[in-house]
Amino acid sequence: MTEVALPRPATGVTRPAAGVMSDPGSSGRFGEYGGRYVPESLIPACAELEEAFRDAWADPRFRRDLDRLLAVHAGRPTALTPAWRLSEELGINLLLKREDLAHTGSHKINNVLGQALLAKRMGKTRLLAETGAGQHGVATATAAALLGLDATVFMGEVDIERQALNVFRMKMLGAEVIPVTSGTRTLKDSTSEALRHWVTCVDEAHYCLGSVMGPHPYPWMVRELQRVVGDEARRQCAAELSTGTPDYVVACIGGGSNAAGTFAGFADTGAQLVGVEAEGGAAVAFGQVGVLHGFRSYLLQDENGQVTEAHSIAAGLDYPGIGPEHAHLRDTGRARYVTVGDAEVIPALQRLARTEGILCALESAHAIAWVIRAAESGELPPWSTVLVTLSGRGDKDMATLMEAS
Amino acid sequence: MIETHLRRRRSEGRSLLVPYVTGGIRADWIDYLTAYARAGADAIEIGLPFSDPILDGPVIQEASGRALRRGVTVRGLLDEVAAVRIDVPLIAMTYYNLVVHRGAADFCRDLAAAGIHGLIVPDLPIDESASLAEAAAAAGVDLTLLAAPTTSAERLAEIAAASRGFVYAVSTMGTTGAQFAASGGRLAADLRQLTDRPVLLAFGVATPDDALTAVQSADGVVIGAALMRRVLEGGTPDELGATVAGLRKALDLDAGRLPDGARP
Ligand SMILES: Cc1ncc(COP(=O)(O)O)c(C=O)c1O
Chain A
1 MTEVALPRPA TGVTRPAAGV MSDPGSSGRF GEYGGRYVPE SLIPACAELE
51 EAFRDAWADP RFRRDLDRLL AVHAGRPTAL TPAWRLSEEL GINLLLKRED
101 LAHTGSHKIN NVLGQALLAK RMGKTRLLAE TGAGQHGVAT ATAAALLGLD
151 ATVFMGEVDI ERQALNVFRM KMLGAEVIPV TSGTRTLKDS TSEALRHWVT
201 CVDEAHYCLG SVMGPHPYPW MVRELQRVVG DEARRQCAAE LSTGTPDYVV
251 ACIGGGSNAA GTFAGFADTG AQLVGVEAEG GAAVAFGQVG VLHGFRSYLL
301 QDENGQVTEA HSIAAGLDYP GIGPEHAHLR DTGRARYVTV GDAEVIPALQ
351 RLARTEGILC ALESAHAIAW VIRAAESGEL PPWSTVLVTL SGRGDKDMAT
401 LMEAS
Chain B
1 MIETHLRRRR SEGRSLLVPY VTGGIRADWI DYLTAYARAG ADAIEIGLPF
51 SDPILDGPVI QEASGRALRR GVTVRGLLDE VAAVRIDVPL IAMTYYNLVV
101 HRGAADFCRD LAAAGIHGLI VPDLPIDESA SLAEAAAAAG VDLTLLAAPT
151 TSAERLAEIA AASRGFVYAV STMGTTGAQF AASGGRLAAD LRQLTDRPVL
201 LAFGVATPDD ALTAVQSADG VVIGAALMRR VLEGGTPDEL GATVAGLRKA
251 LDLDAGRLPD GARP
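Read top to bottom, the protein sequences are chains A and B. For the first sequence, counting from 1, position 57 maps to 57 in the numbering used here; every step adds exactly one. For the second sequence, counting from 1, position 119 maps to 119 in the numbering used here; every step adds exactly one.
If we strip away everything but chain A, and leave its shape as in the complex, we get (with noise of 0.2 Å):
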């Protein structure tokens, strides 16, 4: 056979590959979702973070880089602890990614020295990040020491007050955190304070986004600097189960990270993913397509189109729209989301650290209320083996559990 010459894409266009959870391209599309909705002042910048990330992102030396932080730094690989008493009392075999224990007390981390180590390699000399509950805003303060960066941390003048402890961490850690006084003073906001921000200080700045959302590349970027924790929980899981894979693989979502990079490690896998929302922030049960923040998503809006307020006691679930890639698996079945009331969380909380010896984040506590939920319903058949990420520690919700109590 001869040689066809075929047409070549136009130069920098790259095609999304086959397979679910897969490169979604030069377009960022999943499906519908997802895009480059941003003003024109940031589009290069954009740009620019695709490139250095794709070029990042095939080089063995960066993720050699990567690895070792992760490592050395962030205290991976994080344990897969069986939970013995929870299990026996529900009648399933419950499985958890301890992300709890990673360096920060929290997944964010795996993104944040990723992100933080891509922007040395582009010659940023500052990190940019919003926060909700001041993980993302913690993380990104310790990457930035760690690499020798600055780091200005956007976060609303509620979240402010709720995770005061968080709020001081990234202070003594060397970070400018800048309250956010507009709209609703929560993560919505924050979001849009940091990308206005950006947009001043593009050459010198690199935004560190800290779920998958936002403009094209940074859902699918935030997504494989965190399949970490599924691929890990995959090997861990082969090597636990006779089966090789869970049953069920079940993460809480805000933006929609931890699951994300959870589901990552089993979308090739007969598990059934389950993202669980809170129920004031679920944009899956009750949002619509819409736009927001570079992404066109499913997002929490009213009858004319204003984005609404997302309302959660775990601040870090206080986001009204969810990543673009979880909106096309909803849609296409391979995941499914459900939602979890502030009132089912404490009481799950109090009993994975009553059996288990952990005291869990109010938005990993969503995860677990789920499955005592679906377990105690019948839903989940007999000795099912599940697996849950717990996204993190609850030392920064201590306050609020004080004030529930």
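No lab work stands behind these hints: they were computed from the structure. Please note that the accuracy of each hint is not assured.
As the list claims (entries may be wrong) - A short, non-exhaustive set of chain A residues, derived as facing chain B with CB atoms under 7 Å:
#1 I43
#2 P44
#3 S192
#4 G290
#5 A353
#6 G357
Said to hold, decoys possible - Derived, one-sided and incomplete: chain A residues facing chain B with beta-carbon distance under 10 Å:
#7 R36
#8 D189
#9 L241
#10 G244
Source: prediction; values computed, not measured. The beta-carbon is built from N, C-alpha and C at its ideal position, and this holds for glycine as well.
We have chain A already, so just place chain B with the ligand on it with the hints.
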């Protein structure tokens, strides 16, 4: 439609002046349109307020928030516009979610039915604009694209070619209401090399002096935050009309000083 009008005005030797008002900022907000038109505006930009205006600085954020707290909706604002006759073209400025929420085709038809024939969506870059551009064209609405100081030469050419009505040159790397920056002059000059469509400079134009600097390289200016700051402080339609008239006069005097054909 917008473009024909702006080209005609430009060919008369005028520098184009496009003032902005946030729709629904006060109960009598329509009076700002009338006042601007009487003061010599060449077109008027109406902001349809959105909860999360990511390209707006504190002034227009506050204006949008105030309007939304008054309970305004796109539907209601368009009804108000439809009920009056304003003698200059009207251009809507809003964020993409409001378009998606209504559906692009219906959104553009609603605008046209209200007598608004231009549309600017700051969070919709050219790469994502194809479907809205099509819907706008079908409804007789000019979809104007934005260019920024960091836009590459290659993209500038694409934007200049695809934009309708005029090209919206963002003067500075910042949000609305930022300081007027010299980078805008270079951008406008570059755009004028690429297109004979009107090029308007926006962001940070506040004073007659800024406007005069801007029109050294652009065909005209959009003035938003500087006017809205006054409106937020209680400036009445008459007072704001006087401000726009002052800008008009400065631009006209400047144009008059140049011999015919001296403008590039
Ligand atoms: C402990 C913890 N879990 C979960 C989340 C939600 O984020 P995501 O859905 O991106 O994993 C956060 C966000 O702040 C968090 O701090």
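Checked hints:
1. I43: OK, holds: I43(A) within 7 Å of chain B, min 5 Å.
2. P44: Because about 5 Å separates P44(A) from the closest Cβ in chain B, which is inside the 7 Å limit, the hint holds.
3. S192: This hint holds: S192(A) lies near chain B, its Cβ roughly 5 Å from the closest one there, short of 7 Å.
4. G290: holds (5 Å)
5. A353: violated (37 Å)
6. G357: Constraint on G357(A) not satisfied, violated at 42 Å.
7. R36: Since chain B brings a Cβ to about 6 Å from R36(A), closer than 10 Å, the hint holds.
8. D189: Holds. Min distance 8 Å.
9. L241: violated (43 Å)
10. G244: Status violated, d = 42 Å.
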